[in-house]
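So you can see what is in the structure, the chains are spelled out below.
4 protein chains.
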Amino acid sequence: MSSFGQVIHINLFGESHGESIGLVINNLPAGLTLDKKRIEHALFKRRPKSNLSTARQEKDPYKIVSGYFNDKTTGTPLTILIPNEDTRSRDYTPEILRPSHADFTAKVKYNDSNDYRGGGHFSGRLTTPIVILGAICESILEEKGIIVSSHIASIKDISDTSFADIDITEDILKKLNLSDFPVVNSTVKAKYEAQILDAKHNLDSVGGTIETMIHGIPAGYGYPFFDSVESILAHLLFSVPAVKGVEFGKGFAITKLFGSEANDSFILENGQIKTSSNNSGGIQGGISNGMPITFKVAIKPTASIAKPQKTVNIETMEETTLELKGRHDPAIVHRVIHVINAITNYAVLELILRTEGTKWIG
Amino acid sequence: MSSFGQVIHINLFGESHGESIGLVINNLPAGLTLDKKRIEHALFKRRPKSNLSTARQEKDPYKIVSGYFNDKTTGTPLTILIPNEDTRSRDYTPEILRPSHADFTAKVKYNDSNDYRGGGHFSGRLTTPIVILGAICESILEEKGIIVSSHIASIKDISDTSFADIDITEDILKKLNLSDFPVVNSTVKAKYEAQILDAKHNLDSVGGTIETMIHGIPAGYGYPFFDSVESILAHLLFSVPAVKGVEFGKGFAITKLFGSEANDSFILENGQIKTSSNNSGGIQGGISNGMPITFKVAIKPTASIAKPQKTVNIETMEETTLELKGRHDPAIVHRVIHVINAITNYAVLELILRTEGTKWIG
Amino acid sequence: MSSFGQVIHINLFGESHGESIGLVINNLPAGLTLDKKRIEHALFKRRPKSNLSTARQEKDPYKIVSGYFNDKTTGTPLTILIPNEDTRSRDYTPEILRPSHADFTAKVKYNDSNDYRGGGHFSGRLTTPIVILGAICESILEEKGIIVSSHIASIKDISDTSFADIDITEDILKKLNLSDFPVVNSTVKAKYEAQILDAKHNLDSVGGTIETMIHGIPAGYGYPFFDSVESILAHLLFSVPAVKGVEFGKGFAITKLFGSEANDSFILENGQIKTSSNNSGGIQGGISNGMPITFKVAIKPTASIAKPQKTVNIETMEETTLELKGRHDPAIVHRVIHVINAITNYAVLELILRTEGTKWIG
Amino acid sequence: MSSFGQVIHINLFGESHGESIGLVINNLPAGLTLDKKRIEHALFKRRPKSNLSTARQEKDPYKIVSGYFNDKTTGTPLTILIPNEDTRSRDYTPEILRPSHADFTAKVKYNDSNDYRGGGHFSGRLTTPIVILGAICESILEEKGIIVSSHIASIKDISDTSFADIDITEDILKKLNLSDFPVVNSTVKAKYEAQILDAKHNLDSVGGTIETMIHGIPAGYGYPFFDSVESILAHLLFSVPAVKGVEFGKGFAITKLFGSEANDSFILENGQIKTSSNNSGGIQGGISNGMPITFKVAIKPTASIAKPQKTVNIETMEETTLELKGRHDPAIVHRVIHVINAITNYAVLELILRTEGTKWIG
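Protein chains in written order, with our numbering: chain A, 1 to 362; chain B, 1001 to 1362; chain C, 2001 to 2362; chain D, 3001 to 3362.
It cannot be assumed that every hint is accurate.
Said to hold, decoys possible - Computed from the model, here is a short list of chain A residues facing chain C with C-beta under 8 Å:
hint: 1; residue: Met1
hint: 2; residue: Ser3
hint: 3; residue: His9
hint: 4; residue: Asn11
hint: 5; residue: Thr73
hint: 6; residue: Gly75
hint: 7; residue: Gly120
Claimed, not checked - In silico DSSO-like links for lysine-lysine, alpha-carbon gap of 30 Å or less:
hint: 8; chain 1: D; residue 1: Lys3359; chain 2: A; residue 2: Lys274
hint: 9; chain 1: C; residue 1: Lys2107; chain 2: D; residue 2: Lys3359
hint: 10; chain 1: C; residue 1: Lys2107; chain 2: A; residue 2: Lys359
hint: 11; chain 1: D; residue 1: Lys3063; chain 2: B; residue 2: Lys1072
hint: 12; chain 1: C; residue 1: Lys2063; chain 2: A; residue 2: Lys36
hint: 13; chain 1: A; residue 1: Lys191; chain 2: B; residue 2: Lys1256
hint: 14; chain 1: B; residue 1: Lys1359; chain 2: C; residue 2: Lys2144
Stated by the list, open to error - Simulated DEER-style distance windows between Cβ atoms:
hint: 15; chain 1: A; residue 1: Asp167; chain 2: B; residue 2: Thr1187; range: 44 to 54 Å
hint: 16; chain 1: C; residue 1: Glu2319; chain 2: A; residue 2: Asp71; range: 25 to 35 Å
hint: 17; chain 1: B; residue 1: Ile1158; chain 2: A; residue 2: Leu268; range: 32 to 42 Å
hint: 18; chain 1: B; residue 1: Gly1362; chain 2: D; residue 2: Ile3166; range: 56 to 66 Å
hint: 19; chain 1: C; residue 1: Asn2070; chain 2: B; residue 2: Lys1049; range: 52 to 62 Å
hint: 20; chain 1: B; residue 1: Asp1167; chain 2: D; residue 2: Thr3316; range: 52 to 62 Å
Hints are computed from structural coordinates only; laboratory data are not their basis. From a predicted model like this one, the values you see are computed outputs, not experimental measurements. Positions of the beta carbon are idealized from the N, C-alpha and C atoms, including for glycine.
Could you build the full structure based on these sequences and the hints that come with them?
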């Protein structure tokens, strides 16, 4: 379903070329003033721009159509609506299945009734309201000293410095959040761009990985088993189109270590219990341990490429060759990163609030 | 929380050294006869045995205390109860935090009131009823031609042949399901065992990866966004203790490919639409595409090792050294694999049933 | 929260004088053509009209902004949006609490940040999209031979003939559904209207009861305990503003009978098991028994009356007298009845689909 | 389903003559010491006793098999298990459908696989663990100054003094909670008993109504629409077997009043905003207003009566006469009242905790 959340329940709707897309956010507390500049900046960061992206100018003139009054949340459902402006009729050939798109699965699932235009409900455009949600949650978490921050950890074979390899300060994280192309090692940016432009030149595309840190989250959030921190985060991360892998802490690489290398020894630091390493990524038994929560996400290369591709015409049931017209993003990692950040902010808030409810009893 | 599921709702309970552990399974249809042999075999496979595991003899004499009458499910909640036999009092020192265990996080989360004995609710023992659940779901899926099967893809640096590299037949998958130490390439088993015993000899432990295939699942299951196939599977997989990463299809490796290499071309095979490669792991836009669903899971090295480890005594707030007594599993990958298989069977059934409900409308 | 439903999940949003109100309907099957005439008729029936209602002309020019393409549902969230036209600024005095309105509770709950204009999210206007939802569900149920139909069972002291006292045919039920002021005994309408106009004349208001029948629902739907037919129906019925009581079958009157009078004897009718009476209202053990499901709902008199009323000014914390300006509905039973019908149609569909999911296993 | 709750999630299981019945309570905070005496007293009150009930001696030797350690809740699922002792084989004739029991509906719903012995999962015995849950929640609410209390408002035609007609003090409510046969006007007890014994003498049964008050609940709990206080309470109340009606405040009788009579005027009392009457039952717009929440519940006459009844043999499909053997409760109102109280305590706690979660943001 297109809804999620027990405390802050969200409901996503819309298709790429329908009337509008939007998001209903339920149960936000009353009295919050939205930080419009933060929202604008978040939208700006996700927006396609420069020669690394498609030419389609997506402006996102969002409206808040409910739940906001006198510059404050009312406590009742907040609804974000983003009208689709670029919905002109075109020559669509939905019968020519685009490889590694949802064309085929949507057609089967929805018995040929799916809105295929621009990917419909499956379009990356649907992540725009999630970016707004993320900005709202970010404001709330920031007040509590919690920062979510990500960088482009790799594009194809080129890698940035990992969070694990340097001393991460709040300043570094905040700086990354200011950038629309966040990297730790500033010299890697040019290499990434060259890699992307090279793919573009070849009518091809590239993917990459995103590394995220949740800084300042106290120990004790999450649950054993089905609502573990990993479970909730992975559930939401895998809902972002193009994500094919999620790993926490050392992730898959931890399987190459001995237990004595992998274990995070407890130490005392200024009278606080910490761990000397953070291979667990800040989580043990599904619960935050007070260290930064870290994870990595794999983003597949953009499926839309201009190169001719073999595929099937599902109407005639014949094999054919597809040549996608128009301009295509040679990479989306630098855009998806802002969605990953957004949905992580939401996930953290939801995780915390699930636990906080019962503290009333205390 | 320790509950999950909208259609087949489950509720896990118990602590390693409490009275009993168990699972309530809600909404199973009435009239199913449980395959007791299959359940026994599943329990056998997960059970520690031989020199690769601890000496603790876990028998699992489970009882069904509700929802089963005249050898058939009644349709009301089916409750599995497994009494804990080995609950004798011991010298526990919960104040000495075991590295990379949930000792610290449980203590913080539950304000010192957690049942620390044997890991309490966090114990791997809690996965026993999940294995029974898995066997029940497996029977149901088998009737529909759906097979879930896994193999130990790697232990530390040694790897088995990947599902991606050979022709997978139903026979291979069924054979893997018969084995308590499933590998595709039979010669790798001895190497795995040597690796594990070597770790054991050094009072250390190793981890590994598990590769799973869901064979026979038709196209059209799952949802875009928050209930994508990946989201539901990852949610449940990450609830299994020791899992640190989940990747679908080509996973993280897909980020090293160009789009033209990563995309799965549609082809016709005996009049059916298939894809020539399966880098997407059988999922597009969060929905099954009719190809086998494949994923890999990272299992960290067993956290309990006999080697002395640095840690903190949380009572005295002093750093100290921990030497775990008793015998410890030098690896659990070959046991966790059966839990991964079990929870995947459950996840697939839940995914299918969520979609099937609305078909009544027709 | 303003959301409900596991299979057909809905999310209501909006305030009476905000930008728009609306409803997201998740998980409707793809390929349904909406019956626009039926929707228009349902909206017409709920709309205030004639001298029995306020002068405010509520047109409801709804838009479907997502989930509908080429005159068919797409299977992704269907979003209904109703812009608020009459949102001109007025002299609101939210500090003067209107008795038996949500002014006070909303103010407390939402820390003074609620949108008080026209009742905000609490406004009866929010039931408009529910009426559209009801019309959509009605089409689906009609195809399956299930009809939901209601009549105004009483207004103040005057009563209509009860469903229990006559032979109910499909024809009678369908005829009731055509009427915007549905009564079984046509002569009672004039008396009801006189009663309402009399209240109006006295600057006062009246309430009444609504009796509903769900005809054609097969035996076997619903669950014991927490998802009983009564639980799900009552949950939704009590979400309709102004509802103060819900009773099934004979309801409160059953407490005046002996068991031997109250019990519904099983009989055979054309080889089918029926009951000779229907005091249980078609439900036993929380599950439909194949007889019509019947219930009654109590609607309180409209809280807004022109008569002066004692109340409190919450700003000055002084007692005061409130004289509501404008024209006020002297009764809303004849409008709420269409909301009750609508939400019952939705409840029935949700109840059925919850059960149908597991039939796949069969 | 047999589960409920978002914050304190519960899962009921078991059949009357199966191995055990029980309840899993998820998400109770850690560190609570259960008040065993209160639980014992609650069980005592619900237990059949004296000549008003059947001879079957139900002892309820419950066990807590998980979630409790060192006399404190651990924060992980608390599981209550009650073994069924009286499970001897008897001559059951499930094919003779007992009128107004769930025999028929269970048989249809569960395709003949239901456990029919003693009503199976539909048995009133299943309410025993709910009584324990209620006692646990009662302790928590009492600490916060919230008291839930009920009295037998009527049995057949005889009525007790209503809460609405006298000044209710905490003392009165506490005294009612001490009684296993709670009435406001002590002289009515003898009349109730005579009424019940008279029915018993005639091999018949009687029903009645229960009136409940939630005292001390602050304003601001509950939600507009789908999670209104009425919706959550009614959902749970209607899950109790034998409940056929629920009304809040003045309930159905409010439909006989003019708006000017029905409205609750706001007044100031010691600087606090109160209402002069409480026809709304402490709820406006679905949200508590700080006045006591009051409601009434209709309990049908016990369906099991010794008098011969007409029914159908579903095997032979012939009409027949049923003469129930053994002794039968001529009334259960005085037992169900303790279940109503219990489930209300749970409902109130759940309602409060849903709201409290978001206060963290504040």
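Hint check:
1. The beta carbon of A/Met1 comes within 5 Å of a beta carbon in chain C, closer than 8 Å, and the hint placing it at the interface holds.
2. Satisfaction of the interface hint for A/Ser3 is found here, the shortest Cβ-Cβ separation to chain C being roughly 6 Å, below the 8 Å cut-off.
3. Given the 8 Å rule on beta carbons, the hint for A/His9 holds: about 6 Å separates it from the nearest Cβ of chain C.
4. The interface hint given for A/Asn11 holds, since its Cβ lies 4 Å from the closest Cβ of chain C, which is under the 8 Å cut-off.
5. Because the smallest distance between the Cβ of A/Thr73 and any Cβ of chain C comes to about 7 Å, under 8 Å, the interface hint for this residue holds.
6. Interface restraint check for A/Gly75: the shortest CB-CB distance to chain C comes to about 4 Å, inside 8 Å, so the restraint holds.
7. Hint status for A/Gly120: holds, given a least beta-carbon distance of 7 Å to chain C, under 8 Å.
8. Of the pairs offered as hints, the one joining D/Lys3359 and A/Lys274 holds, with about 29 Å between alpha carbons and a cut-off of 30 Å not exceeded.
9. Taking the CA atoms of C/Lys2107 and D/Lys3359, the gap is near 16 Å; set against the 30 Å cutoff, the hint holds.
10. The hinted pair formed by C/Lys2107 and A/Lys359 meets the criterion: a straight-line CA distance of about 24 Å does not exceed 30 Å.
11. Distance check on the hinted pair: D/Lys3063 and B/Lys1072 sit about 27 Å apart at the alpha-carbon level, within 30 Å; holds.
12. Simply put, C/Lys2063 and A/Lys36 have alpha-carbon atoms about 27 Å apart, close enough for the 30 Å limit, and the pair holds.
13. Straight-line distance between C-alpha atoms of A/Lys191 and B/Lys1256 comes to about 15 Å, which keeps the hinted pair within the 30 Å bound.
14. Note on B/Lys1359 and C/Lys2144: the hinted pairing holds, with a Cα-Cα distance of about 13 Å set against a maximum of 30 Å.
15. A hinted range of 44 to 54 Å for the beta carbons of A/Asp167 and B/Thr1187 is consistent with their spacing of about 46 Å.
16. For the pair C/Glu2319 and A/Asp71, the supplied restraint of 25 to 35 Å holds, since their beta-carbon distance comes to about 32 Å.
17. Under the hint 32 to 42 Å, the C-beta atoms of B/Ile1158 and A/Leu268, about 38 Å apart, fit the expected range.
18. The given range of 56 to 66 Å is respected by B/Gly1362 and D/Ile3166, whose C-beta atoms sit roughly 57 Å from each other.
19. A C-beta distance of roughly 60 Å is found between C/Asn2070 and B/Lys1049, which places it inside the suggested range of 52 to 62 Å.
20. At about 58 Å, the CB distance of B/Asp1167 to D/Thr3316 agrees with the hint of 52 to 62 Å.
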